[in-house]
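**Student:** Here my numbering is used: the first residue of the sequence shown is 264, the next is one more, and so on.
Honestly, the hints are just simulated from the structure, not real lab data.
For glycine and all other residues, C-beta sits at the position ideal for the given N, C-alpha and C.
Watch out, some of these pointers could steer you wrong.
[Stated by the list, open to error] What follows is a list of derived Cβ distance ranges for each label pair:
hint, residue 1, residue 2, range
1, R315, Y431, 12 to 22 Å
2, F437, D290, 38 to 48 Å
3, Y352, D393, 12 to 22 Å
4, D345, E274, 30 to 40 Å
5, E274, T409, 14 to 24 Å
6, Q424, L342, 13 to 23 Å
7, A381, A423, 31 to 41 Å
8, L346, R268, 32 to 42 Å
9, E347, E436, 35 to 45 Å
10, V318, E438, 43 to 53 Å
11, G293, E436, 22 to 32 Å
12, R394, A423, 32 to 42 Å
13, Q424, C310, 17 to 27 Å
[As the list claims (entries may be wrong)] Capping the alpha-carbon separation at 30 Å, the derived lysine-lysine pairs in DSSO-like fashion look like this:
hint, residue 1, residue 2
14, K344, K425
15, K384, K314
16, K343, K413
17, K344, K303
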Amino acid sequence: MENLRVLFSEEEINARIDEMAEQINRDYEGKTIKIIGILKGGVYFMCALSKRIKVPVMIDFMCVSSYGNSTHDQGFIELKKDLEDDIRYEDVLVVEDIIDTGKTLTYLMEELRTRKPASLKLCTLLDKPDRRVPEADVKVDYVGFTIPDKFVVGYGLDYAQKYRNLPYIGVVEFE
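Could you build the full structure based on these sequences and the hints that come with them?
**Tutor:** In structure tokens form, the structure reads like this:
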């Protein structure tokens, strides 16, 4: 059995996404952004963020997994869905819900660099740097919240496909 404790309210999340969008609008002024949303959890954050971005936006999706139905990294990375469009010469912003060990995003960003985008940046709602592994080389350009090493759900984040639809981010406490 699991209990949930609110870490960030819906209001706190919305205020932070507003701030992030303002920075992205300044950084990409005069450009078009190709946003790559990372499925499944990243779609909630990507939608909320993209609605606040004022420069032209195109979207595509990828699905990369290393977890399955577990709270711990399974030690493998699988590309489950690739992009539909070419990103060569595009200004690309990868939008993720959470960066944990960094292994999945290291793999993903290296793969995307080989496709020769004009620029490639990373945006995450949550960053958990205490879990970063030494071999992960992840530069995060936009961070919503830096969080402690706790298992969190809500706002797209799940535990065994549950809790994604919560409008807040909560810490899961297992009994």
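**Student:** Taking the Cβ atom of E274 and the Cβ atom of T409, is their distance within the range 14 to 24 Å?
**Tutor:** With a Cβ separation near 19 Å, E274 and T409 satisfy 14 to 24 Å, so the hint holds.
**Student:** Given the range 12 to 22 Å, decide if the beta-carbon distance of Y352 to D393 lies inside it.
**Tutor:** 37 Å Cβ-Cβ, so the 12 to 22 Å window is violated.
**Student:** Against the range 32 to 42 Å, how does the distance between the Cβ atoms of R394 and A423 compare: consistent or not?
**Tutor:** Cβ of R394 to Cβ of A423: about 19 Å, so the range 32 to 42 Å is violated.
**Student:** Tell me if the straight-line CA distance from K343 to K413 falls inside 30 Å.
**Tutor:** holds, 26 Å
**Student:** Would you mind confirming whether the straight-line C-alpha gap from K344 to K425 stays at or under 30 Å?
**Tutor:** holds, 21 Å
**Student:** So the hint says 38 to 48 Å: do the beta-carbon atoms of F437 and D290 match that?
**Tutor:** Taking Cβ atoms as reference, F437 and D290 lie about 40 Å apart, which means the hint holds.
**Student:** Return holds or violated for the Cβ distance of D345 and E274 against the range 30 to 40 Å.
**Tutor:** Given a distance of about 36 Å, which is inside 30 to 40 Å, the answer is holds.
**Student:** Regarding the pair K384 and K314, is the alpha-carbon distance no greater than 30 Å?
**Tutor:** holds, 18 Å
**Student:** Given the range 22 to 32 Å, decide if the beta-carbon distance of G293 to E436 lies inside it.
**Tutor:** Given about 47 Å between the Cβ atoms, the range is violated.
**Student:** Mind checking the hinted window 17 to 27 Å against the Cβ distance between Q424 and C310?
**Tutor:** Given about 19 Å between the Cβ atoms, the range holds.
**Student:** 32 to 42 Å was suggested as the range; check whether the CB atoms of L346 and R268 agree with it.
**Tutor:** holds, 37 Å
**Student:** Does the hinted range 13 to 23 Å hold for Q424 and L342 at CB?
**Tutor:** holds, 20 Å
Figure legend: structure checked against the earlier numbered hints; hints not met, in rising order: 3, 11, 12.
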